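Using the sequences and the hints given, assemble the complete structure.
So the sequences go chain by chain: V, R and E. Counting in my numbering, the first sequence runs from 1 upward without gaps. Counting in my numbering, the second sequence runs from 138 upward without gaps. Counting in my numbering, the third sequence runs from 275 upward without gaps.
Treat the hints as calculated values from the structure; they're not laboratory data.
Quick list of in silico lysine-lysine cross-link-like pairs, DSBU-like style, CA-CA up to 30 Å:
1. E:Lys401 <-> R:Lys196
2. V:Lys59 <-> R:Lys264
3. R:Lys264 <-> R:Lys196
4. E:Lys333 <-> V:Lys59
Selected chain V positions facing chain R (Cβ under 8 Å, derived; list incomplete):
5. Gly35
6. Ile49
7. Ile51
8. Leu61
9. Leu99
10. Thr100
11. Val101
12. Pro102
13. Met109
14. Leu110
15. Gly111
16. Trp113
17. Ile135
18. Gly136
Predicted model only: the values in this text are computed from it and were never measured. Beta carbons: idealized from backbone N, C-alpha and C, even for Gly.
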Amino acid sequence: MISTRYLEFETCSGDTRNITEDVQRAVSGSGITAGLATIFVPGATAAIITIEYEDGLAKDLWNALERLLPQEMEYLHNLRWQDGNGHSHLRASILGPSLTVPFDTHGLMLGTWQQIVFLELDNRSRKRKVIVQMIGE
Amino acid sequence: MISTRYLEFETCSGDTRNITEDVQRAVSGSGITAGLATIFVPGATAAIITIEYEDGLAKDLWNALERLLPQEMEYLHNLRWQDGNGHSHLRASILGPSLTVPFDTHGLMLGTWQQIVFLELDNRSRKRKVIVQMIGE
Amino acid sequence: MISTRYLEFETCSGDTRNITEDVQRAVSGSGITAGLATIFVPGATAAIITIEYEDGLAKDLWNALERLLPQEMEYLHNLRWQDGNGHSHLRASILGPSLTVPFDTHGLMLGTWQQIVFLELDNRSRKRKVIVQMIGE
Chain V
1 MISTRYLEFE TCSGDTRNIT EDVQRAVSGS GITAGLATIF VPGATAAIIT
51 IEYEDGLAKD LWNALERLLP QEMEYLHNLR WQDGNGHSHL RASILGPSLT
101 VPFDTHGLML GTWQQIVFLE LDNRSRKRKV IVQMIGE
Chain R
138 MISTRYLEFE TCSGDTRNIT EDVQRAVSGS GITAGLATIF VPGATAAIIT
188 IEYEDGLAKD LWNALERLLP QEMEYLHNLR WQDGNGHSHL RASILGPSLT
238 VPFDTHGLML GTWQQIVFLE LDNRSRKRKV IVQMIGE
Chain E
275 MISTRYLEFE TCSGDTRNIT EDVQRAVSGS GITAGLATIF VPGATAAIIT
325 IEYEDGLAKD LWNALERLLP QEMEYLHNLR WQDGNGHSHL RASILGPSLT
375 VPFDTHGLML GTWQQIVFLE LDNRSRKRKV IVQMIGE
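Next comes the structure, spelled out in structure tokens:
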């Protein structure tokens with residue numbers, strides 16, 4: 001059995017959006033009682049990760065991304081396209097667009113503090129559609 | 138067909154644990170002969186990766202993590218919670234909690250030197266339960 | 275339903291290879307109309323990522339990898355094995371060997387500029403076989 005749902009929302013640059021409950025609702029509503037949930041963001045400047053969702057740690061994460069892949073470096077992508085989001089692309093490629101989480105009748109098999117989080121890595125507001133696909137029985 | 142198994146073990150901080158054979162045993166014992174194995178760690182301070190499993194490279198990896206995401210920085214997470222594992226969370230978010238590997242009747246389709254490895258990124262000993270879920274036919 | 279295909283090609287060190295159309299062809303040829311495509315590279319010195327595929331950004335990515343995980347550091351792996359690819363292993367472990375992408379009758383659910391890309395992280399030419407496994411209905 002397969003079921004596909006979509007989460008749609010608008011973002012601001014730098015958003016750290018907890019989508020755990022939305023994904024859980026997609027799983028519960030699918031009628032599939034055991035299987036694999038894939039969360040995938042179509043787009044080259046966003047990422048899906050897991051993290052303990054609290055303000056301090058979210059800020060730590062963005063600080064780390066800025067240290068490792070700074071916005072204000074000279075990127076060839078920016079020289080060509082003038083949209084200033086070279087850092088967004090690199091961060092997205094390294095963090096990744098997809099996450100797979102097993103679930104059973106009790107729901108997503110996440111750890112106590114482990115949340116599913118969408119990161120808006122782009123340097124502007126976006127309309128986003130995240131795919132949640134359940135495969136199972 | 139779906140089959141779910143669990144690997145349970147105790148860790149020390151900094152453990153680099155080769156779980157390839159355990160995952161292979163889970164696949165073999167599932168009765169599924171072709172499909173996808175998802176290895177997932179519930180928890181926000183551990184990761185599942187692939188790497189050539191040898192002592193030197195394991196040390197290189199931990200050195201790289203310390204260079205990129207140092208333990209002794211000032212993290213807001215640590216200021217609030219006083220548990221000193223802000224670096225553990227960031228490393229886990231960037232490396233990721235899940236891995237998907239195809240398999241067939243010959244077993245996991247890994248490269249010759251490519252092993253499945255659990256990283257204990259937390260700063261203390263933990264009891265861990267890793268989920269191995271097989272989907273296939 | 276499960277279907278497994280293989281992409282085979284030869285690489286040079288530093289290749290950034292767009293395999294999106296090859297994966298799309300594997301999906302279309304599988305007879306599966308909705309499901310999950312897993313792209314997996316067996317091997318410890320290559321990675322599968324998504325990125326906007328354009329020359330400038332590809333160079334930005336390799337520059338970032340060189341800044342974060344430089345080739346010319348002293349790696350214990352190199353001291354022991356003398357093959358000089360310690361950096362290749364670390365980059366591969368952090369970027370990851372697998373990617374999962376949902377698809378339906380319209381094909382892979384990628385973003386407009388989001389391509390599936392193989393990175394040859396090793397320091398020499400290689401023959402590579404990438405696995406594309408479709409699960410669905």
